[in-house]
Amino acid sequence: MNVFQQLQMYLAMPFVQYALIVGTLIALCSSLLGVTLVLKRFSFIGDGLSHVAFGAMAIAGVLRLTNEMLFVLPVTVLCAVLLLRTGQNAKIKGDAAIAMISVGALAIGYMLLNLFPTSSNVSSDVCTSLFGSTSILTLTQLEVWLCIGLSVAVVVIFLLFYNKIFAVTFDEDFARAAGVKAEAYNLLIAVVVAVIIVLAMNLVGSLLISALIIFPAVSAMRLFRSFKGVTVCSAILSVSCALIGMLVSILGSTPVGSTIVAVDIAAFLVFSLLARLGVNRRKA
Amino acid sequence: MPQLTIENLSLGYEGQVILSDVNFSVSAGDYLCIVGENGSGKSTLMKTILGLQKQIDGSITFGDGLSANEIGYLPQQTAAQKDFPATVWEIVLSGCQARAGLRPFYSRAEKQLAKENMEKMGITQFAGRCYRALSGGQQQRVLLARALCATRKILLLDEPVSGLDPKVTQEMYQLIEELNHKEHVTIIMISHDISAAVRYASHILHVGHEMFFGPTAEYIRSAAARRFLGTEGGEDA
Chain A
1 MNVFQQLQMY LAMPFVQYAL IVGTLIALCS SLLGVTLVLK RFSFIGDGLS HVAFGAMAIA
61 GVLRLTNEML FVLPVTVLCA VLLLRTGQNA KIKGDAAIAM ISVGALAIGY MLLNLFPTSS
121 NVSSDVCTSL FGSTSILTLT QLEVWLCIGL SVAVVVIFLL FYNKIFAVTF DEDFARAAGV
181 KAEAYNLLIA VVVAVIIVLA MNLVGSLLIS ALIIFPAVSA MRLFRSFKGV TVCSAILSVS
241 CALIGMLVSI LGSTPVGSTI VAVDIAAFLV FSLLARLGVN RRKA
Chain B
1001 MPQLTIENLS LGYEGQVILS DVNFSVSAGD YLCIVGENGS GKSTLMKTIL GLQKQIDGSI
1061 TFGDGLSANE IGYLPQQTAA QKDFPATVWE IVLSGCQARA GLRPFYSRAE KQLAKENMEK
1121 MGITQFAGRC YRALSGGQQQ RVLLARALCA TRKILLLDEP VSGLDPKVTQ EMYQLIEELN
1181 HKEHVTIIMI SHDISAAVRY ASHILHVGHE MFFGPTAEYI RSAAARRFLG TEGGEDA
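Chains A and B supply the protein sequences, listed in that same order.
The letter at position 97 of the first sequence is residue 97 when you use this note's numbering, and the numbering goes up by one with no holes.
The letter at position 150 of the second sequence is residue 1150 when you use this note's numbering, and the numbering goes up by one with no holes.
Treat the hints loosely; a few may be bogus.
[To be verified] Each pair of labels, with its calculated beta carbon distance range: (1) B:H1209 - A:L269: 31 to 41 Å; (2) A:R64 - B:G1058: 55 to 65 Å; (3) A:Q6 - B:Q1076: 55 to 65 Å; (4) A:S240 - B:D1064: 54 to 64 Å; (5) B:S1067 - A:V152: 31 to 41 Å; (6) A:L187 - B:P1166: 43 to 53 Å.
Please keep in mind that the hints were generated in silico from the structure rather than gathered at the bench.
Don't be surprised by glycine CBs; every beta carbon is placed ideally from N, CA and C.
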């Protein structure tokens, strides 16, 4: 059986189809706000939230909730709002608060998983939550629909608020001075990021989420000079990397999350090299 | 009726007062320069007027048909903007954001306004260029065009010429003066450059230990100016 026949066989299976659909949507969503997070110096909030999501997942497991996402989502959104608040009031204190919340959530989550094991193999459970090894292939139909619904919502919100997100990302002070409700849009950004993180947890696990958000944006920034160009490029890049990563992982039976991130890293290196070679000097 | 009246204003960070008893008013068409030593609270004063920071005490009143969201602001550049991927067009257009309100996209009229302001600032040819690839003077023109999209009435400029070479600085001052004279835009500008301040401004606000507010001619004769300008400035007057 050659590679194509093998691929065809896998692609005929419904759970693989679900995984590809959900994976593509998640990759699309996570790349959209990457540019804003990187440029607003918010990358650390994304990282902190992913740890919170892990802790929430552990609690959901202990409570034996059938649909973990319905618990993890509100908790993560709430933390996003809280983190943004502290981050705004005082820079240094905000930093420490984020570190405390994120590491704390990680520690408590791991402890809970050990104290109240839901299966006989705790370390494999933890591994799955952290690195998302197989969860994308075991999604229930409800989870798939939830993922699709939330992804569509994220994309629609992003498109409707694109100009506003640009304005508050480029210069928040100016926007506020001119009467734009920057706080409200910051809040919106934080909530959307929280949703994206919970979604992406299914795909790459909580430790690798930041990579999915940041790599495509930073790669695109190497080559493109307009906000629109960077956004479109990072969306296309993220989706292609996720698809390639998922197919490679299916064929080579490698872990899905880390394979996708490895493809993202490779793309980043290629883009950096192209930038070095002067592809982006066209308009300079 | 003045466009902006500041009465007994106290300002500072987290309850710590850095400047108190600030009193001044600005009428349509005025050109006010805010001068004072480094760290005397000039930028904080401007941010307080803009509502970016809460005042500790006193009042800020807008009048003469000016509302708080009709202000154009030219902030000092932030570190994030230095490597921000955005074209000149995207940035100038973003000045219309407050006009657009909740509408997701810019209207034709707003795009036209952005185009006109780019023409006024002489940056039309840079529309598709990346902001970070422009020179300092060109970047300031872009931010000025953006500020003009947000207002036709009043501009607040926080050290618009810092980091520019003498020739570009001169051009920038002329551009601002033109806006003030031809377009009747009220100017409030923070400046380190005291000689340019007394040359262009109609009014001076001196902040610090000694406060002064009044027409430029009066300022040159004042005690605050004599100390700040050195004996040379005082005797000239």
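Taking the hints in turn, this is what the structure says about them:
B:H1209 and A:L269 have their C-beta atoms about 57 Å apart, which leaves the hinted 31 to 41 Å range violated. Evaluation of the 55 to 65 Å hint for A:R64 and B:G1058 yields a pass: the beta carbon distance comes to about 58 Å. A hinted range of 55 to 65 Å holds for the C-beta pair A:Q6 and B:Q1076, which are about 59 Å apart. Between A:S240 and B:D1064, the C-beta spacing of about 56 Å keeps the proposed range 54 to 64 Å intact.
Between B:S1067 and A:V152 the beta carbons are some 38 Å apart, a value that agrees with the proposed interval 31 to 41 Å. For A:L187 paired with B:P1166, a C-beta distance near 45 Å keeps the hint of 43 to 53 Å intact.
The earlier numbered hint that this structure contradicts is number 1, and it is the only one.
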